[in-house]
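Participant: Put together the whole structure using the sequences plus the hints.
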Amino acid sequence: MDNRGYYSQFGGSFLPEILAATFDELEKTFRNAKNDPDFWQEYEDIMSSYSCRPTPLTFAGNLTKHFGGAKIYIKREDLNHTGAHKANNVMGQGLLVQRMGKTRVIAETGAGQHGVATATMAARFGFDCTIYMGEVDVERQRPNVFWMERLGATVCPVKNGTRILKDAINEAFRDWVSNMDTTHYVLGTACGPHPFPEMVTYFQSIIGKEAREQILKIEGKLPKRIYACVGGGSNAMGLFSGFLNDPVELVGVEAGGKGLDSGEHASRLCSKDASIGVAQGYKTYFLQNSDGQMKETHSIAAGLDYVGVSPILSELKESGKARFEAAEDNEVVEALALTIKKEGVIPALESAHAFAQAFKEAPKLSKDDVIIINQSGRGDKDIFTVADAFNDPGWKAFIIGKAEQYNA
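Residue numbers (the working numbering): 2 to 409.
What the hints contain is simulated information worked out from the structure, not anything from laboratory work.
For glycine and all other residues, C-beta sits at the position ideal for the given N, C-alpha and C.
There may be inaccurate statements among the hints.
Think about it this way: if two alpha-carbon atoms lie no more than 20 angstroms apart in a straight line, the pair counts; the simulated EDC-like pairs of lysine to aspartate or glutamate are [what the hints assert, rightly or not]:
id, residue 1, residue 2
1, Lys218, Asp247
2, Lys296, Asp247
3, Lys343, Asp381
Computed spacing ranges between beta-carbons, pair by pair [as the list claims (entries may be wrong)]:
id, residue 1, residue 2, range
4, Asp292, Asp46, 35 to 41 angstroms
5, Glu297, Lys66, 37 to 43 angstroms
6, Asp292, Glu140, 41 to 47 angstroms
7, Ala398, Asp25, 17 to 23 angstroms
8, Gly69, Ala22, 57 to 63 angstroms
9, Asp262, Lys322, 38 to 44 angstroms
10, Asp46, Glu405, 48 to 54 angstroms
11, Lys403, Glu45, 21 to 27 angstroms
12, Asp46, Val279, 36 to 42 angstroms
13, Gly260, Gly395, 50 to 56 angstroms
14, Asp46, Ala398, 45 to 51 angstroms
15, Gln406, Lys210, 44 to 50 angstroms
16, Arg105, Lys259, 37 to 43 angstroms
Facilitator: Shown next, in the form of structure tokens:
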């Protein structure tokens, strides 16, 4: 990265002049914190006492036996407080908000886990909190909306555009422009204008640091490959950060949706439908048409249903330092079902993309090889979507019974 926030040709900061002072203040606060040896210790202390870190590295012995290839390990970010890696980023940004003396935070969310994590952070630090969420995502992630509201946040359904994550981001920026003096925008992923990609990656790097130490302690060697799902890219950058200077293959897995030839997917780094552009304050690969208009996206996983991707991941793709694949919805559901049955853990639909790709490749590797899959979140938030996908008759009867109780 250069001093303007570029990663090769990607990144940067394309903002209206009115936001310049706010971003300067944020970058200065972040640089001071990053150079303060006590800050990271304060961050680690909070994460260990409030969010169950370090999260374990679980050996998936039954899946390893099932596939008969590489030894499979799972980095358990689902065991963070609020059930996802999102806690790593929001608690770090909460400490920065304290340093800046601001009293209100806003955020956008797709799957809802970043919204719940931000609302939790706001409750702990005593900040006012507003969460923007596409109307479509509000409908499919209602349990997370319930928890955000119970935590004291105001949830604003966004009815503009396609009513998903990219539209929620636009609304959050509009709010921020009007309330810069009191408000910090807790961007949830390693995207957006500089310094957000660097800052979010810095806080998420705790995943990779821990995973590297843990696998060396357990196996005495580095993994052959590591896998992470890619929406905006925060959990992928978190895991990849620990292995960037090692001979380890980094594999990011995007949402293949209904297939890369269907036009109904959210694959920016391994589909022909994406191109380099500037939107939402930064330069990266976007799913856009020849006029630069953003295309509609699709994924069974709300958290991967984003039109752009981290500029750092775009640079890793262009430089050949990382490989990107896509898993389709049906493959994801199959991987989720197998993981639940064999290991008794329930990955989020987002994380199940990484499992699906790892399952394709593990049988082709040697039994001496080791791979790590990042389970970025837990799957109980997806129960409505997954029950539909499994066509579960007991669940349908339960929903019908509850509807009758509400006279629906």
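Participant: The structure should be examined with respect to each hint, and the outcome stated for every one.
Facilitator: Hints, verified against the model:
A distance of roughly 16 angstroms separates the Cα atoms of Lys218 and Asp247; the hinted pair therefore holds under the 20 angstroms criterion. For the proposed pair Lys296 and Asp247, the alpha carbon gap of about 36 angstroms is over 20 angstroms, so the pair is violated. Proposed proximity of Lys343 and Asp381 is supported: the alpha carbons are some 17 angstroms apart, at most 20 angstroms. Under the hint 35 to 41 angstroms, the C-beta atoms of Asp292 and Asp46, about 50 angstroms apart, miss the expected range.
Roughly 41 angstroms separates the CB atoms of Glu297 and Lys66, a value that falls within the hinted 37 to 43 angstroms. For the pair Asp292 and Glu140, the beta carbons lie near 30 angstroms from each other, so the given range of 41 to 47 angstroms is not met. For the pair Ala398 and Asp25, the supplied restraint of 17 to 23 angstroms is violated, since their beta-carbon distance comes to about 57 angstroms. A C-beta distance of roughly 59 angstroms is found between Gly69 and Ala22, which places it inside the suggested range of 57 to 63 angstroms.
The given range of 38 to 44 angstroms is broken by Asp262 and Lys322, whose C-beta atoms sit roughly 27 angstroms from each other. Taking 48 to 54 angstroms as the suggested C-beta distance range, the pair Asp46 and Glu405 conforms, at roughly 49 angstroms. Here the CB-CB span from Lys403 to Glu45 is close to 42 angstroms, at odds with the stated 21 to 27 angstroms. Separation of Asp46 from Val279 is about 39 angstroms and conforms to the stated range, judged on CB atoms against 36 to 42 angstroms.
At about 31 angstroms, the CB distance of Gly260 to Gly395 disagrees with the hint of 50 to 56 angstroms. A hinted range of 45 to 51 angstroms holds for the C-beta pair Asp46 and Ala398, which are about 47 angstroms apart. For the hinted restraint 44 to 50 angstroms between Gln406 and Lys210, the CB-CB distance of approximately 48 angstroms keeps it satisfied. As the Cβ distance of Arg105 to Lys259 is approximately 40 angstroms, the hint placing it in 37 to 43 angstroms holds.
When each numbered hint is compared with the structure, violations occur for hints 2, 4, 6, 7, 9, 11, 13.
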